[in-house]
Amino acid sequence: MNANVPPTAALVAKLTARDDLSAEEIAVLQGMMSEPRIVQGGHDIVRDGDRPGHSTLLIDGFACRYTTLKDGGRQITALHVAGDFVDLHSFMLKEMDHGVGALTLCRIATVDHGRLLEITHTHPHLTRMFWLLTLIDGSMHREWLVGMGRRPALGNAAHFICEIYTRLSVVGMAADNAFVLPLTQVELGDVLGLSSVHVNRVLQELRSGELITWTGQNVVILDWDALADLAEFDPRYLHVVKEPR
Amino acid sequence: MTMETRRMEVLVDGGSRQGLLVLEDGKLAAVFVLIDAAETGKPTVSGGWYLEAGFGPCGQLISAQPDVFPVEDDALRWTEQRLNRAGKH
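These protein sequence lines map, in sequence, to chains A and B. Here the first sequence is numbered in our numbering, starting from 1 and rising by one per residue. Here the second sequence is numbered in our numbering, starting from 1001 and rising by one per residue.
Excised from the complex, chain B in its bound form:
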């Protein structure tokens, strides 16, 4: 499995946000957007990467919405874990 990332702006409600697209072997698996603390809706949480859309093993058909990831590496680690788990089935 080869994971790669691409960056592009993503349209969300309220404007566009910095986006992080995660691909597995060239196929789109997850789209994260960078949000600030106020957007998390939780006063105790600082901003970070929010799973805007997931596909396949990262999608909401089989995966609960994860919490906001404080740093990009956490988001990538979560995506990798979801993809690896799916690969074992």
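Only chain A is shown next, with the shape it has when bound in the complex:
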């Protein structure tokens, strides 16, 4: 982790993949963030029921939104990577209706809701870009819903891999069809709505079909076209298109 890289670097990369930001807007983003701090893997960043006075930016690491059922079953409803605001929603929704947890060691920074409110008055384009981020979050939720409801488990797992690779590429954390994904099979099951037994089988199937390798935390996509075809992956929902917004 390079200390010379500003904490907002991934966020800026994520936003500028969708529209240009002015130097002043980038300075506003950099100026609004608190000092970074570390959250250990397995710990909550925000809890269900909290009323946070700030929103949290994930600088690096992997975090998830999740909901837990009475029987202990957990569904991960979103996976967050560097550059994601994990709870921009709380600025407007006020009370958290789900938790956000660190899956790995995470470096985060926060921005006070009061500061965000000011920005909505002074910087309409940045405000629209924040709005865009929550719309893309919603877009990913829709895609996950389709995947869990209607895609075969194999296709849904393939879709997840395609999505994460694409998102990590945008923030410079994946290239040449390879990336690091430090998820256990249990966590992957919570993402895909599968038992860890079925996750194991699905991964075996993807491996034996020579679509991917997954060794430790290192994922390599061996045949992007075949994987994307299996997943019916259409990246339009990620809106990685630069245009005036």
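Calculated from the structure, these hints are not laboratory results. Virtual Cβ for every residue (Gly too), placed ideally from N, Cα, C. Treat the hints with care, since some could be wrong.
What the hints assert, rightly or not - Which chain B residues stay away from chain A? Per the calculated CB distances, all over 12 Å, these: (1) Glu1004; (2) Gly1014; (3) Val1071.
To be verified - In silico contact screen, one side only, chain B against chain A (beta carbon under 7 Å); selected entries: (4) Arg1007; (5) Glu1009; (6) Asp1013; (7) Thr1040; (8) Gly1041; (9) Tyr1050; (10) Pro1057; (11) Gln1065.
Given chain A's structure and the hints, the job is docking chain B onto it.
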């Protein structure tokens, strides 16, 4: 209620596994397969009986997927509990 078991190989992804079919009064209620530790996807869990398919009260319409059962008796006890609970409604 009479529960009986039958054994046959079950086709799962990656090959066939030893299967345990549980029937209630001659009707198929649950199919378990024997998996090894690596297949559980959890490093802390040893192998055991995995509910491959459940029907009626053991089916996923009304029942969450149970954890892998370490021994056959546990799998049978779970099936019996599900069937008994359904019988009371």
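Against the structure, the hints:
| no. | hint | result |
| --- | --- | --- |
| 1 | Glu1004 | holds, 25 Å |
| 2 | Gly1014 | violated, 5 Å |
| 3 | Val1071 | holds, 17 Å |
| 4 | Arg1007 | violated, 20 Å |
| 5 | Glu1009 | violated, 16 Å |
| 6 | Asp1013 | holds, 4 Å |
| 7 | Thr1040 | holds, 6 Å |
| 8 | Gly1041 | holds, 3 Å |
| 9 | Tyr1050 | holds, 5 Å |
| 10 | Pro1057 | violated, 16 Å |
| 11 | Gln1065 | holds, 5 Å |
Violated hints, in rising order: 2, 4, 5 and 10; the structure is consistent with all others.
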